[in-house]
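**Student:** Listed here are the chains, written in short residue letters.
2 protein chains.
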Amino acid sequence: MSFKAINLQQKFDLFAEHWAPKVIAEMNDYQFKVVRLQGDFIWHDHKDTDDTFIVIEGNLRIDLRDGAVHVGPGEMFIVPKGVEHKPYAEKEVKLLLIEPRGVRNTGHEGVERTAPNDVWI
Amino acid sequence: MSFKAINLQQKFDLFAEHWAPKVIAEMNDYQFKVVRLQGDFIWHDHKDTDDTFIVIEGNLRIDLRDGAVHVGPGEMFIVPKGVEHKPYAEKEVKLLLIEPRGVRNTGHEGVERTAPNDVWI
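Each protein sequence line maps, in turn, to chains A and B.
Each residue of the first sequence is one higher than the one before, starting from 104 at the first, in the working numbering.
Each residue of the second sequence is one higher than the one before, starting from 104 at the first, in the working numbering.
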């Protein structure tokens with residue numbers, strides 16, 4: 104077996120597009136995804152799972168129906184399953200997402216902003 | 104509902120002891136734990152789960168039976184289930200661990216180095 108650590112910054116350097124999560128690792132049936140965000144996303148929820156956001160760079164605002172959470176570098180937030188949320192990044196945010204394999208970025212809606220799933224980098 | 108981001112550094116500032124993981128969040132049946140490491144741990148494995156290490160500060164070496172992985176700040180490594188490993192930190196390392204609820208830090212051995220489980224901070 105040959106093992107090597109995964110450098111998050113090196114993974115971010117491999118792509119520039121926004122709102123397109125890339126899988127970098129799997130733990131059991133969960134995936135770690137790097138994603139660059141900028142601007143506004145759509146309201147959505149995930150009926151079957153919590154959704155973990157760890158901000159690596161930038162300042163993320165996660166709008167909820169009854170408020171907003173601000174997540175800065177070195178901070179994390181877990182959106183509970185079924186809770187509607189809308190990520191917003193005034194300036195670019197580099198984010199590490201953790202969620203079960205197969206989770207769609209837009210929740211259960213197949214819409215314009217739905218990104219291809221299970222894209223590894 | 105009231106929601107707030109979790110600041111990892113603030114959590115580390117709440118304790119000083121080594122090798123005593125503290126739970127800071129849960130995603131479904133997985134837990135996020137902060138832990139300070141220094142020195143040598145014991146060889147162990149986790150028969151039923153992968154084990155995720157994300158280094159926040161310092162340089163971690165994870166010894167494996169056929170080599171070693173070096174994990175620095177902003178890097179992560181997932182030890183596959185059943186793979187024997189021994190963390191080692193020459194200087195103090197601040198680490199974020201992700202593993203299913205109930206995983207014992209020393210694997211399936213109840214030994215001197217086994218830390219209390221499910222301690223929240």
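Source of the hints: derived by calculation from the structure; they are not laboratory data.
Where hints are given, some of them may not hold.
Any copy, or any two copies together, can satisfy a pair, since identical chains are not distinguished.
What the hints assert, rightly or not - For lysine-lysine, the following BS3-like pairs were computed, each having C-alpha atoms within a straight-line distance of at most 25 Å:
| hint | residue 1 | residue 2 |
| --- | --- | --- |
| 1 | LYS150 | LYS184 |
| 2 | LYS194 | LYS150 |
| 3 | LYS184 | LYS107 |
| 4 | LYS197 | LYS107 |
**Student:** Which earlier hints can't be squared with this structure?
**Tutor:** Number 2 - this is the single hint that the structure violates.
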